[in-house]
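First to last, the sequence lines map onto chains A and B. Here the first sequence is numbered in this note's numbering, starting from 18 and rising by one per residue. Here the second sequence is numbered in this note's numbering, starting from 26 and rising by one per residue.
Worth flagging that the hints you see were computed from the coordinates, not collected in a lab. Be aware that one or more of the hints could be misleading.
Said to hold, decoys possible - Here are the simulated DSS-like cross-link-like pairs (lysine-lysine), alpha carbons at most 27 Å apart as the crow flies:
1. A:K36 x B:K126
2. B:K446 x A:K146
3. A:K146 x B:K180
4. B:K446 x A:K140
5. A:K36 x B:K406
6. A:K146 x A:K36
7. A:K100 x A:K146
As the structure is a computational prediction, the values presented were derived from the model and not from experiment.
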Amino acid sequence: MMSHELDSLYQDIILDHAKRRLNAGLREPFEAEVHHVNPTCGDEVTLRLHLEGDVIRDISYDNQGCSISSASASVMTELLIGKTVAEAKPIHDAFLEMMRGKGQVEPDEDVLEDAIAFAGAAKLTARIKCALLSWMAYQDALVRAQEESDV
Amino acid sequence: MTTTQLVGLLPELEVIRADFPILERTVAGGLPLVYLDSANTSQKPQVVIDTMVDHLERHNANVARAMHALGAESTEAFEGGRDRVAAFLNAPSRDEVIFTKNASEALNLVANTLAWAQGPLRVGEGDVVVTTEMEHHSNIVPWQLLTERTGATLKWFGITDDGHLDLANIDELISERTKVVTLTWVSNMLGTINPVAEIARRAHEVGAIVVLDASQAAPQLPVDVVACGADVVVFTGHKVVGPTGIGVLWGRRELLEQLPPFLGGGEMIETVRMEGSTYAGIPHKFEAGTPPIVEAVGLGAAVDYLSHIGMDAIHRHEQAITAYALEGLQTVRGLTVLGPLDAAERGGAISFELDGVHPHDVAQVLDSRGVAVRAGHHCAKPAHARFGVQSSTRMSSYLYTTPAEIDALVDGLEYTRSYFKLG
Ligand SMILES: Cc1ncc(COP(=O)(O)O)c(C=O)c1O
Numbered sequence: 018m019m020s021h022e023l024d025s026l027y028q029d030i031i032l033d034h035a036k037r038r039l040n041a042g043l044r045e046p047f048e049a050e051v052h053h054v055n056p057t058c059g060d061e062v063t064l065r066l067h068l069e070g071d072v073i074r075d076i077s078y079d080n081q082g083c084s085i086s087s088a089s090a091s092v093m094t095e096l097l098i099g100k101t102v103a104e105a106k107p108i109h110d111a112f113l114e115m116m117r118g119k120g121q122v123e124p125d126e127d128v129l130e131d132a133i134a135f136a137g138a139a140k141l142t143a144r145i146k147c148a149l150l151s152w153m154a155y156q157d158a159l160v161r162a163q164e165e166s167d168v
Numbered sequence: 026m027t028t029t030q031l032v033g034l035l036p037e038l039e040v041i042r043a044d045f046p047i048l049e050r051t052v053a054g055g056l057p058l059v060y061l062d063s064a065n066t067s068q069k070p071q072v073v074i075d076t077m078v079d080h081l082e083r084h085n086a087n088v089a090r091a092m093h094a095l096g097a098e099s100t101e102a103f104e105g106g107r108d109r110v111a112a113f114l115n116a117p118s119r120d121e122v123i124f125t126k127n128a129s130e131a132l133n134l135v136a137n138t139l140a141w142a143q144g145p146l147r148v149g150e151g152d153v154v155v156t157t158e159m160e161h162h163s164n165i166v167p168w169q170l171l172t173e174r175t176g177a178t179l180k181w182f183g184i185t186d187d188g189h190l191d192l193a194n195i196d197e198l199i200s201e202r203t204k205v206v207t208l209t210w211v212s213n214m215l216g217t218i219n220p221v222a223e224i225a226r227r228a229h230e231v232g233a234i235v236v237l238d239a240s241q242a243a244p245q246l247p248v249d250v251v252a253c254g255a256d257v258v259v260f261t262g263h264k265v266v267g268p269t270g271i272g273v274l275w276g277r278r279e280l281l282e283q284l285p286p287f288l289g290g291g292e293m294i295e296t297v298r299m300e301g302s303t304y305a306g307i308p309h310k311f312e313a314g315t316p317p318i319v320e321a322v323g324l325g326a327a328v329d330y331l332s333h334i335g336m337d338a339i340h341r342h343e344q345a346i347t348a349y350a351l352e353g354l355q356t357v358r359g360l361t362v363l364g365p366l367d368a369a370e371r372g373g374a375i376s377f378e379l380d381g382v383h384p385h386d387v388a389q390v391l392d393s394r395g396v397a398v399r400a401g402h403h404c405a406k407p408a409h410a411r412f413g414v415q416s417s418t419r420m421s422s423y424l425y426t427t428p429a430e431i432d433a434l435v436d437g438l439e440y441t442r443s444y445f446k447l448g
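I would like the entire structure built from these sequences, with the hints used as guidance.
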């Protein structure tokens, strides 16, 4: 990778979120807790989801990972907390589409807001999983929380 | 410091570097490649590449079963690879050298056949298998599978704070019930060189067999399978300047003869009837199916290449580079080396932490400067957990590494600190 690519990976938004880690820490109450690991590098996240009806009241997490995976968790929680599950879905879908698009997908800033900064990571095979880790954990937690409420 | 001041470097380092075409490559938009990931896989000299191409271009045929000129040439070249590996290991007999897919398969072969063995070798309920906390996952998981499946117990040596094996409870670990003691000769994470002969002696006192993972030792130390005292020694081709797709299992003849086959198929039989089969003698008993032919030919050229330079000379070079790297790394603020700090006690893989920057991010910034290192758990999660870290950055040198490349790493680490605005 060249140095200008380095700067497009480590955008200020990302470095800033990696430092501030919004919504970090595990909190009560929650309906689902999941633990996800990136087996190649060992990065880990424990994530809790608290729903109130259809509204995402809280996403709390504890993670060990690189700046990309930490920033991604921070951005995701900032974007999704307070939204309804239905409102969150297109954001989640757009993020996955961008990250799996090998850098070819033109991301929509209106939908993704700060998460658009991960477009640089989407071009790097080795970093895609870092950016996706907490998003996949959220999706898993959502399925579990919904199963829980169905019983 | 200039190259000439370092004692122990290979005298014709520039000539050796010229043997490795990939080292001429540039990366990151025109920067010279600084390849410090040789413990992961080594680069290949021209002679290995040429030998493999020549085999494919001129001698390719299946081995053992092709009754024509090419078949004979191919068989000769393949078995020639075995001879060269036997010489490299100082093995008493070429028949004791078994080709596998890699070191992992070789370790699985041993662990599985010990479960299936009849008689005293068999590992079963109540038996103990001993490994260590500093192993590569390849020398942990096969033994977990073995002990879980047979009702045996897996125990392990711990690691001391300074990165050595903790032998304090050796008498408890190696007891009458111990059937197998398996350990790495050189740690791929901490770099530690383990006291193999001493542990082998203790294991033999209780009648246990000793399995040695030489994946990191074979590239950089003279390996003598008899002198090291082990019953089984394994390594992997791609770390000794050979190709991927081939590994080596050396075992003492009596042991290999007592073990049952691992995989069944062509080439490993004596005769097959529908009611049952009898098996070929070693080494073919353990080599079912068409073997990695061109890989064996390439591996033969690789170990010849190393022997020609001399494993003692390569070891001295690694020690000189490692000492220089340990010194340089410790000048970087916030950097902690995991494992022994004395180059004489270790191999050429150095894992470290840089305070405030995750290893992934370290590797990424270094990559933008053409410096290739590894970041992550290096398939040694338990060893990382022992030091309370989840991952680390690892540089690893080899016979082609120069002091200037270590300087580039150290500069790159300073740059990484400034990139992430660490004061
Ligand atoms: C100490 C050690 N053992 C085993 C292995 C496994 O080698 P392979 O992946 O080629 O089977 C490695 C290399 O990754 C290693 O460093």
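Now the hints, each set against the structure:
1. About 44 Å separates the Cα atoms of A:K36 and B:K126, which puts this hinted pair outside 27 Å; it is violated.
2. Restraint check: the Cα-Cα separation between B:K446 and A:K146 comes to about 25 Å, which is no more than 27 Å; the hinted pair holds.
3. Proximity of A:K146 to B:K180 is assessed by CA-CA distance (about 34 Å); at most 27 Å being required, the pair is judged violated.
4. Straight-line distance between C-alpha atoms of B:K446 and A:K140 comes to about 24 Å, which keeps the hinted pair within the 27 Å bound.
5. Between A:K36 and B:K406, the direct Cα distance comes to roughly 26 Å. Compliance with the 27 Å bound is thereby established for this hinted pair.
6. The suggested pairing of A:K146 with A:K36 holds, with an alpha-carbon distance near 20 Å, which does not exceed 27 Å.
7. Annotation: proposed proximity of A:K100 to A:K146 holds, straight-line Cα distance about 25 Å (limit 27 Å).
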